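If you want the building blocks of each chain, they are given just below.
Number of protein chains: 2
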Amino acid sequence: MDASEFRKRGKEMVDYVADYLEGIEDRQVYPDVEPGYLRPLIPTTAPQEPEAFEDIIKDIDKIIMPGVTHWHSPYFFAYFPTASSYPAMLADMLCGAIGCIGFSWAASPACTELETVMMDWLGKMLELPESFLARNAGEGGGVIQGSASEATLVALLAARTKVTHRLQAAFPELTRATIMGKLVAYSSDQAHSSVERAGLIGGVTLRAIPSDGNFSMRASALQEAVDQDKAAGLIPFFVVVTLGTTSCCSFDNLLELGPICNREDMWLHIDAAYAGSAFICPEFRHLLNGVEFADSFNFNPHKWLLVNFDCSAMWVKNRTDLTGAFKLDPLYLQHNHQDSGLITDYRHWQIPLGRRFRSLKMWFVFRMYGVKGLQAHIRKHVQLAHEFESLLRQDPRFEICAEVILGLVCFRLKGSNHLNEALLQRINSAKKIHLVPCHLRDKLVLRFAICSRKVESSHVRLAWAHIRELAGSVLAAEKA
Amino acid sequence: MDASEFRKRGKEMVDYVADYLEGIEDRQVYPDVEPGYLRPLIPTTAPQEPEAFEDIIKDIDKIIMPGVTHWHSPYFFAYFPTASSYPAMLADMLCGAIGCIGFSWAASPACTELETVMMDWLGKMLELPESFLARNAGEGGGVIQGSASEATLVALLAARTKVTHRLQAAFPELTRATIMGKLVAYSSDQAHSSVERAGLIGGVTLRAIPSDGNFSMRASALQEAVDQDKAAGLIPFFVVVTLGTTSCCSFDNLLELGPICNREDMWLHIDAAYAGSAFICPEFRHLLNGVEFADSFNFNPHKWLLVNFDCSAMWVKNRTDLTGAFKLDPLYLQHNHQDSGLITDYRHWQIPLGRRFRSLKMWFVFRMYGVKGLQAHIRKHVQLAHEFESLLRQDPRFEICAEVILGLVCFRLKGSNHLNEALLQRINSAKKIHLVPCHLRDKLVLRFAICSRKVESSHVRLAWAHIRELAGSVLAAEKA
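Heads up: the sequence lines are chains X and U, in that order.
In this text, residue positions in the first sequence follow this note's numbering: the first is 1, and each later residue adds one.
In this text, residue positions in the second sequence follow this note's numbering: the first is 1, and each later residue adds one.
In case anyone wonders, no lab produced these hints; they're calculated from the structure.
None of these values were measured; they are calculated from a predicted model.
In this text, a Cβ means the ideal position worked out from N, Cα and C, and glycines have one as well.
Hints may contain errors.
To be verified - Label pairs and their computed distance ranges (CB to CB):
(1) X:ARG285 x U:PRO40: 25 to 33 Å
(2) U:PRO40 x X:ALA232: 49 to 57 Å
(3) U:LEU234 x X:GLU389: 54 to 62 Å
(4) X:VAL33 x U:LEU234: 47 to 55 Å
(5) U:SER4 x X:SER131: 40 to 48 Å
Produce the complete structure using the sequences and hints provided.
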């Protein structure tokens with residue numbers, strides 16, 4: 001395919017994309033296919049000779065679309081939102097064309113420098129403390145990671161290196177293995193599974209701290225665990241505080257927990273993967289109070305801030321904590337400027353070496369929406385969640401299972417888990433809307449997350465009418 | 001921005017991309033900017049109100065392009081190639097529009113199933129042993145990782161879990177920390193820095209085995225290290241064999257090393273990040289002989305197989321080895337089909353949770369080029385490398401420092417490192433071409449990698465004439 005055919009096919013693809021997103025409401029949100037559906041539909045080997053674009057695009061409709069879960073349908077209420085906006089898509093086209101691999105400043109200076117400045121822009125939108133910003137010669141700064149999971153892992157590894165160096169400096173006879181065997185990390189029992197996984201990968205013990213009645217980790221529970229571990233000769237070194245848990249969007253008590261982390265010399269990482277986007281609105285910023293105690297902070301603009309996946313924003317107060325954990329410098333990656341202090345080689349901030357020019361997406365989205373446009377997007381989602389909440393409250397058969405703070409409503413039919421499983425089964429079999437469950441303690445709960453950029457009150461009301469109707473038949477079947 | 005404006009702007013962007021790539025030869029390959037150039041050119045905060053697309057696209061030319069290293073210029077000979085093709089860009093547009101996060105089968109069945117089948121297609125193109133393919137109900141299979149670094153890390157973590165379970169089953173009194181303190185991984189002293197990093201992250205000792213005169217890891221050196229470690233009470237568990245090293249594209253002796261790994265019960269991971277693409281050509285397939293000894297194999301179609309970044313292809317013989325290392329199943333990620341055996345939840349195969357619909361790129365590229373088109377791309381690059389090699393051989397001032405096997409030529413002026421540093425400095429100051437150096441033992445060497453999809457014999461000859469001219473002035477300055 002040469003440039004002139006790309007001009008033609010690219011424009012057709014632009015229309016295909018616009019048609020898809022304009023018409024997405026009319027597609028069934030969850031597919032009908034069964035596991036293994038795709039393999040029989042396509043050849044068993046790649047073709048030897050080139051095929052025509054027309055044949056491929058036909059197969060998109062015939063083979064791919066029937067197996068797609070439509071995440072951007074206004075009837076998709078599952079998981080959490082994932083970002084989708086036209087400005088981000090335009091930026092991604094440009095990113096693909098430039099196609100640089102920005103592992104070092106020299107590998108493409110614009111790629112590194114725009115990222116640093118965009119992370120400062122975003123940090124200022126969140127009113128992060130100055131110490132997290134790169135500015136001209138700050139000690140902190142931001143980096144785009146691929147996912148919150150990677151951010152948590154990177155923070156844990158940096159903390160592990162830091163505590164190991166500190167202990168080996170004080171007690172040179174200690175081996176790395178001895179230290180690692182004693183390290184303990186902490187998070188709430190409501191934290192995302194990626195935190196547990198980071199502990200596994202890092203080879204350290206992760207302790208799940210029992211959360212309180214509001215699914216929030218509190219100071220007393222953390223302090224008790226830390227004291228016990230210290231008494232047992234273990235080394236507490238890392239705490240993940242979750243702001244906006246995946247199950248029910250609860251918030252750990254950062255203002256209580258922060259001082260403990262600082263006092264006990266434990267690295268404090270904040271995971272606000274979903275909720276973080278809301279902190280650009282002044283009325284939600286208080287949920288981030290206490291961030292000044294943290295060593296690292298992360299949230300996902302690719303969830304709720306209209307920057308398409310992947311774009312996970314991570315800040316640290318001391319960039320040398322990250323680079324100290326990862327820095328390896330073979331000659332083929334060195335360049336003239338690297339010791340100047342002014343420049344950033346992001347390969348030392350992350351797990352992979354390669355990285356795309358993802359800050360273009362942030363730049364396009366921030367400028368084409370403006371802060372006000374982004375705030376309006378957040379506010380609309382929160383308002384729709386409260387609308388769904390108020391509908392629920394009018395129906396005494398249902399209960400709300402966690403405080404509705406942002407765009408997620410956790411609810412269930414009063415009664416057994418079995419009853420709620422039956423309701424969930426009916427909802428996901430009908431495929432008019434799509435949602436997923438969670439456990440809150442021993443209760444099976446349904447999660448209704450406001451997701452699509454195009455979801456409106458009418459969709460929420462239709463979803464509610466549908467849920468009520470199915471609930472009616474479940475309850476009737478129960479009685480029968 | 002609504003759909004109708006996206007139709008307009010998207011088509012303008014398609015033309016912008018085509019213009020950029022058509023005209024890339026006329027741009028200076030390496031930018032003139034100094035560290036910190038970008039920050040003063042843009043505002044210190046994001047705008048409150050939306051800005052117009054026209055203003056943003058103007059800033060691309062004014063602010064971004066002057067700071068871009070043009071990786072797809074035919075005068076770019078640095079690092080290794082990174083893929084750029086129009087079919088991959090078209091597929092990425094579609095991927096952005098569908099915008100699903102394919103962490104589980106249910107999250108978007110097409111996303112998972114196309115990936116599994118594309119990895120089978122690609123595995124067959126490479127003539128991988130059947131045991132690496134997923135087929136209908138195989139025990140192996142492939143997955144798209146973000147980078148070779150992640151693939152190495154994932155393999156090391158899977159191997160670490162496997163050996164830990166095995167030892168704890170035999171000796172229940174052994175703690176995980178005790179085992180980890182004794183684990184030893186091995187790679188060549190020519191292996192990529194990401195291998196050392198994987199060892200650091202995984203918290204295990206990594207031993208660099210001295211390579212032979214051809215920069216190849218050999219059986220005797222590995223066996224010696226393994227025997228010494230076993231005698232010292234340590235536990236050899238993991239070997240990375242590199243096919244096509246970053247420095248000079250040398251090949252470890254897989255046919256010798258494979259049997260040792262199998263006999264000593266060490267996980268064998270093959271990293272063929274760059275060279276792997278060449279194995280689709282029958283005349284280069286012999287370089288992969290011995291893959292049957294491996295537990296995992298990885299290469300990067302996003303380097304040399306025209307599938308834009310990111311797309312790193314990894315296969316394992318036993319998928320349960322990977323999923324065993326990572327599997328954590330909170331309720332909100334569970335779905336009806338997950339215990340059926342027929343389905344794949346790729347979140348258990350990788351570090352992050354989220355993942356894009358990257359197999360679309362493979363599908364578009366494989367179909368629109370056909371296997372023959374991809375082979376022609378590889379062959380052209382190898383032929384151009386040999387053309388550059390033969391030009392070099394005609395000039396007695398230069399020496400070739402490693403066998404030219406694929407698309408990389410390592411060369412230097414006969415004489416001191418100082419002399420070659422001066423040559424490098426002149427090349428990269430002139431900015432007519434761009435390349436990077438490496439160390440081979442104590443020698444500073446220049447790497448000439450055939451990179452661009454559009455590089456032709458004429459560009460290679462111009463580059464050579466330019467290098468000769470600069471060499472002349474360096475040598476003259478030396479004598480003066």
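Now for the hints, and whether the structure bears them out:
For the pair ARG285 (chain X) and PRO40 (chain U), the beta carbons lie near 29 Å from each other, so the given range of 25 to 33 Å is met. Roughly 54 Å separates the CB atoms of PRO40 (chain U) and ALA232 (chain X), a value that falls within the hinted 49 to 57 Å. For LEU234 (chain U) and GLU389 (chain X), the hinted distance range of 54 to 62 Å is satisfied, since their beta carbons lie about 59 Å from each other. Checking the proposed 47 to 55 Å range against VAL33 (chain X) and LEU234 (chain U) shows it holds: the Cβ atoms sit about 50 Å from each other.
Roughly 44 Å separates the CB atoms of SER4 (chain U) and SER131 (chain X), a value that falls within the hinted 40 to 48 Å.
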